[in-house]
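Number of protein chains: 2
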Amino acid sequence: MNHFAATPEPPYYAVIFTSTRTAGDHGYETMAETMLELASRQPGFLGFESARAAVGISVSYWADLESIRRWKHDVAHRKAQRRGREDWYLDYRVRIAKVEYDYSM
Amino acid sequence: MNHFAATPEPPYYAVIFTSTRTAGDHGYETMAETMLELASRQPGFLGFESARAAVGISVSYWADLESIRRWKHDVAHRKAQRRGREDWYLDYRVRIAKVEYDYSM
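Residue numbers (our numbering), protein chains in the order written: chain R, 1 to 105; chain C, 106 to 210.
The hints are simulated quantities; they were obtained by calculation from the structure and are not laboratory data. Hints are not guaranteed to be accurate.
As the list claims (entries may be wrong) - Here are the simulated BS3-like cross-link-like pairs (lysine-lysine), alpha carbons at most 25 Å apart as the crow flies: (1) R:LYS98 / C:LYS177; (2) C:LYS203 / C:LYS177; (3) C:LYS184 / R:LYS98; (4) R:LYS98 / R:LYS72; (5) C:LYS177 / R:LYS72.
Unchecked claim - Label-pair restraints from in silico Cβ distances: (6) R:GLU66 / C:ALA181: 40 to 50 Å; (7) C:GLY129 / R:VAL75: 42 to 52 Å; (8) R:ALA54 / C:GLU142: 41 to 51 Å.
The structure presented is a predicted model; accordingly, all values stated were derived computationally and were not measured. Ideal placement from N, C-alpha and C gives every residue a C-beta, glycine not left out.
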């Protein structure tokens with residue numbers, strides 16, 4: 001499996017989601033998989049990278065701000081966001097950023 | 106300890122560094138700490154967030170592109186970058202992105 005998102009030439013957008021979790025799963029892993037599956041079928045979705053230690057960092061990549069806005073307001077995703085605030089996250093930050101250039105090893 | 110970078114109001118810049126590691130440490134942890142210490146004293150440095158699972162994601166935040174460019178060309182950092190390519194990383198991606206807006210839980 002390739003852990004790097006196969007993003008196209010910039011410009012494109014990144015949503016940097018940084019979070020700290022509550023203790024225990026509470027259905028989190030299943031929902032996270034479902035949301036990634038659902039996100040990856042949205043128009044404008046380009047890729048996803050994720051890691052967790054003391055803090056979790058997930059970066060999703062999108063073609064444009066409109067795709068990000070549409071996914072944010074998706075009904076199933078809104079339910080997951082609410083559960084996130086209630087059950088899964090102690091705290092989080094969301095940063096929406098325009099990728100201007102990139103390079104590889 | 107707060108694991109979230111205390112970034113100011115956007116706009117500012119994010120450098121998203123995604124990597125896969127070689128097996129073993131090879132001096133990586135010590136150098137990573139030294140580089141973070143050094144980066145945090147650079148003009149324009151705003152903060153840092155990092156996590157590693159199958160993939161590692163480190164995001165550093167900067168005031169502007171000039172600060173990022175200057176840090177990229179720092180002599181000690183260039184040595185670390187070379188060791189990174191030779192010893193520590195199987196592969197990596199670097200994405201430079203302008204944070205346009207952000208929000209919290």
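Hint check results:
1. Distance check on the hinted pair: LYS98 of chain R and LYS177 of chain C sit about 20 Å apart at the alpha-carbon level, within 25 Å; holds.
2. A hinted pair counts as satisfied when its Cα atoms are at most 25 Å apart, and LYS203 of chain C with LYS177 of chain C qualifies at roughly 17 Å.
3. Using a Cα cut-off of 25 Å, the hinted pair LYS184 of chain C and LYS98 of chain R is violated, with the two alpha carbons roughly 29 Å apart.
4. In summary, the hint linking LYS98 of chain R to LYS72 of chain R is supported, as the alpha carbons are separated by about 17 Å, within the 25 Å threshold.
5. In summary, the hint linking LYS177 of chain C to LYS72 of chain R is not supported, as the alpha carbons are separated by about 34 Å, beyond the 25 Å threshold.
6. Separated by about 42 Å at the C-beta atoms, GLU66 of chain R and ALA181 of chain C satisfy the suggested range of 40 to 50 Å.
7. Taken as a hint, the range 42 to 52 Å holds for the pair GLY129 of chain C and VAL75 of chain R, whose Cβ atoms sit roughly 47 Å apart.
8. For ALA54 of chain R and GLU142 of chain C, the Cβ-Cβ distance of about 18 Å falls outside the hinted range of 41 to 51 Å, so the restraint is violated.
Hint compliance for this structure: hints 3, 5 and 8 are not met, and every other hint is.
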